[in-house]
Structure formats: C-alpha cells, structure tokens
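Student: Sequence:
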Amino acid sequence: MRRWSGLWAVAALAMPVASFAQAAPEIAALDPDTDTVLTKWMAENHVPGLVLGVVKDGRLAYVKAEGVQDLVVKRPVSADTLFRIASMTKAFTAMSILKLRDEGRLALDDPADRYVPEMRGWTYPTSDSPRITIRDLLTHSAGFVTDDPWGDRQTVLSQTAFTAMLRAGIPFTRAPEMRHEYANLGYAILGRVIANITKAPYRAYVEQRLLTPLGMSASGFDVFAHPKEKRAVGYRWENEAWAEEPTMKDGAFNAMGGLEVSATDYAKWLGFVLSAWPPRDGADTGPVKRGSVRQIMRGVNNAAVFHRYATDGDKQCPGTVSYGMGWRVIGDCDYGVVLAHGGGYPGYGSHVMLLPEYGAALFALTNKTYAGPSQAVWDVAALLRAKGVLARRVEPISADLASFYSAAQTVWAAGTIDALQGRVAMNFPMDRTAANWAKVLAETKAKSGACDTAAPIMAEGAMSGAFTWTCEKGRIKGTVLLAPTKPITLQSLAFAFGGKD
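The sequence shown begins at 95 in this note's numbering and counts up one residue at a time.
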C-alpha cells in the first residue's frame with residue numbers, strides 16, 4: 095500500500111480552487127471566509143481533498159474545491175471530481191422504496207420477508223417479537239446491532255454470499271421496534287427487496303429511475319467504469335502519513351453506501367429533493383411525487399437530544415434528532431427542520447445538510463477515511479445565515495388570517511371586541527367576556543403607550559400567526575389563532591406587553 099508523508103499536507107492544502115464565476119454573488123463574496131473554515135478543518139483532519147457545494151434556488155449556487163484528488167498525479171479537486179458518498183447513498187435507497195410504494199409494488203408496513211424469502215426462517219429474540227417490516231429497515235429499528243465499521247467492508251460481498259448470510263439467520267441485539275440503532279445491514283436488505291421486486295439489480299433501479307431522470311450522468315455504482323482521472327483516490331491517515339485505501343467494487347451492500355457522485359451531479363439530487371417544499375398546487379413532474387419526497391422526514395418515535403455538529407455545537411441551543419427515511423431529522427432552534435446525514439467509508443467522508451425551510455442545502459465530499467466534514471458544513475451554514483445569505487422562507491398569509499388580523503388591529507384601536515361580532519368561535523366569549531376584554535385592553539394600552547400597529551402579521555400556517563408592535567413604552571407581542579370551523583372563526587386572540595430591551 096502506497097504511503098505519502100505529512101510533508102505533502104501543507105502543499106496539498108495550499109491549493110484552493112474556487113469555482114464561483116456563476117455563483118450567487120452574495121455567496122461568492124464570502125469566499126475568503128469559507129476558505130478559512132475549510133482549510134482549517136482540512137489541516138486539522140489531514141484531508142487531501144474536499145469539495146463543498148451550496149444548493150440554492152434549485153441549482154448549485156456555489157462550489158468550492160480544495161486540495162487534490164490524487165496524491166501521485168496531484169490533480170486538483172473540482173466540481174466534477176467523483177467521490178464515494180458512503181451512507182448518503184441510503185437516501186437514494188429510501189427514495190426508491192417510496193417510489194415502489196407509489197407504484198403499488200409494496201407497502202411500508204409489509205413484512206420484509208414477503209420480499210426476501212431467506213428471512214422467513216429467522217429466530218427472533220422473543221416469542222412476541224414482531225416480524226421486521228420495510229419501515230423498520232428504513233428507520234433502523236429492526237433490532238440489528240450497530241454495524242459501523244463492519245458494514246462498510248461488506249460492500250464487495252457477492253450476492254450469493256449475502257443470500258447465504260441471510261439464510262443462516264442474523265443475530266439480534268434486541269426485539270424489533272424497540273429503539274433506533276444504526277444498521278447498514280438493514281439497508282443492504284432493502285437493496286435486496288428492491289432487486290427482488292424489480293427482478294433486476296438494485297443499482298439498475300436507482301440509476302434508471304432516479305439518476306438518469308435527474309441528469310446525474312457521471313454518477314453510479316460501478317466505480318471501475320468511471321474515468322480514473324475523474325475519481326478521487328481514497329486515503330487513510332496513519333503513522334503520520336497517508337496510505338491509499340483499496341478501491342472496493344460494487345457488491346451486495348451497495349444499497350447502504352456504494353454510490354459515487356460528483357458535486358455537480360449531487361447538487362441535482364439535492365435540488366430535486368428541495369423542490370418538494372413547500373407543498374403546492376401545480377405539475378408534479380419529478381421522478382418521485384413531491385408528497386412522497388416530503389415523507390423522508392417522518393422519523394420514528396425515538397427522538398434524542400441533538401447537539402449541532404458545528405464548532406462549539408455543544409454550547410449552542412440543543413435540538414432533537416430522530417431517523418426518518420435515509421435522513422436524520424433534526425429539530426433546530428434556528429434552522430427549523432434539518433435533514434442531515436453523514437457518509438463514512440474507507441477512503442472517503444461526506445456530509446449533507448438540507449434546509450427545507452430555507453430552500454437550501456450544503457454538502458461536502460472528501461477523500462479521507464471517515465473524515466466526515468459535518469463541522470465544516472455546519473460552520474459554513476452558520477456563516478451564510480449570519481450574513482443573510484440563507485433566509486427562512488416567509489409563510490404566505492392566507493386571506494382569512496389577513497382579515498382577522500385586520501379585525502385585531504381594530505379591536506386594539508377601539509378598546510373593545512365589537513369588531514369581532516359574529517366572527518368568533520363558541521369558546522371565545524366563554525374564555526373572556528366582552529367586559530373583561532375591554533378591561534384587559536385598557537390596562538395593556540396604559541402599560542404600552544401608543545403603538546405602531548402597521549407591522550405585518552407573520553403566518554405560522556394558514557390559520558395562525560404572530561405579530562410584534564413597537565410601542566412607546568415597550569412592545570406588544572400578539573397572536574391570532576383561528577378555529578377549524580366553517581365559516582372560519584376566531585378561537586383565540588392575545589396582546590402581551592413586554593418592556594423595552
């Protein structure tokens with residue numbers, strides 16, 4: 095196995111290649127800051143090459159390449175360099191399962207052994223264990239033990255050997271559906287499900303039904319068929335030197351981590367996934383229906399506390415994380431819903447961060463064993479958000495919400511709820527009488543002084559919203575909540591005074 099000393103690290107990392115001639119100008123302007131984040135992270139982690147991409151408005155709005163894809167020829171990394179993305183492949187597998195579900199060829203709660211007969215003779219850990227379902231495999235809740243790094247090395251396993259493994263039975267660490275435990279084996283079985291249903295290799299379905307329609311012509315699973323000069327060579331760092339990892343051929347575990355992509359191609363995938371948000375009317379022409387794509391964020395009920403992958407992430411506001419379908423589903427205080435996943439593999443490390451509420455995604459691909467660039471990706475996201483490049487989409491204000499907000503403004507000005515006559519839900523007068531409303535309004539207005547009530551309401555949905563008014567003595571924070579009635583009525587209205595900051 096060839097080795098290169100760490101002396102080359104400085105030279106390799108000193109060769110940034112920025113490609114943003116057609117990038118969004120506001121992102122390109124931050125290139126020096128982005129470069130600082132990436133080169134620092136690469137140096138600390140001994141990474142030969144990296145490419146970072148930002149997908150915004152449905153396209154690759156920015157791409158930044160650093161270092162080299164090959165330590166011998168010293169070809170610089172570019173947007174078209176091919177990297178194995180390891181477990182980020184699982185998102186393609188999950189999407190394929192959802193597509194087969196839409197085609198009526200399986201149901202998510204079907205027992206997996208309906209499609210993989212070798213599973214039918216398995217001995218479950220308890221007599222009351224439920225049979226493993228397709229959904230259990232998707233969400234890593236089948237009762238298998240965590241199998242990193244064992245699973246990565248099974249990529250080359252032949253289909254015949256995998257069949258024999260399944261027929262012999264798999265040991266369980268617990269009964270199915272008790273908790274989430276990340277298992278590459280489960281996604282390898284999903285690959286077998288796809289192959290058996292389609293009567294073709296798993297990779298054929300992904301390449302023909304997802305990659306080709308999206309124009310991902312450079313990507314695929316047969317890495318030896320890809321041009322050598324385009325491929326990033328995978329390395330590991332040990333004994334203060336880089337050593338080349340053997341290139342693993344496509345095999346039976348490819349559904350859990352075998353895909354190879356370029357940044358240019360991967361951005362097309364993320365653009366497609368992001369296009370499912372927000373829900374809307376109109377043509378639905380993607381390879382998978384928008385409503386089905388959005389189901390990838392339906393995590394199982396095994397949420398845990400999440401600390402951001404960013405620098406000092408453990409000191410930032412914590413969130414929640416569960417596993418959806420090929421994605422980790424994170425609830426974050428700033429970003430809202432985040433879909434994220436890493437990819438660790440012999441010779442490669444990657445990370446993706448999808449922000450549906452921002453209409454954007456960030457990802458990075460590297461050619462060093464298990465060098466997951468999650469910290470760098472989240473740090474760049476924080477930079478872009480702080481500079482206003484990433485901004486949350488504004489929820490449209492429905493006609494009903496706008497009408498009731500106008501009524502709320504009238505109520506405040508008049509000091510009575512007369513303007514709501516005939517427009518409130520049955521609970522409204524029971525929760526506070528008209529006389530008490532007049533009393534509370536007078537007291538609140540005395541505390542706040544004159545207020546500028548022209549600020550728009552910020553919708554939280556079609557039937558609820560919040561507003562903030564700047565007042566003489568502080569601020570009013572209010573809410574409007576409509577009732578699920580026809581015609582639409584008001585179930586709750588609030589004006590809360592807060593002092594000046």
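In short, the hints are calculated from the structure, not lab data. Beta carbons are placed, not taken as given, at the ideal position from N, Cα and C, and that holds for glycine. Warning: the hint list may mix true and false statements.
[To be verified] For lysine-lysine, the following DSS-like pairs were computed, each having C-alpha atoms within a straight-line distance of at most 25 Å:
1) Lys580 <-> Lys594
2) Lys383 <-> Lys168
3) Lys481 <-> Lys134
[Stated by the list, open to error] Label pairs and their calculated CB-CB ranges:
4) Pro490 <-> Lys322: 11 to 21 Å
5) Pro412 <-> Thr220: 33 to 43 Å
6) Asp378 <-> Pro578: 19 to 29 Å
Student: Which numbered hints turn out to be false for this structure?
Tutor: 1, 2, 4
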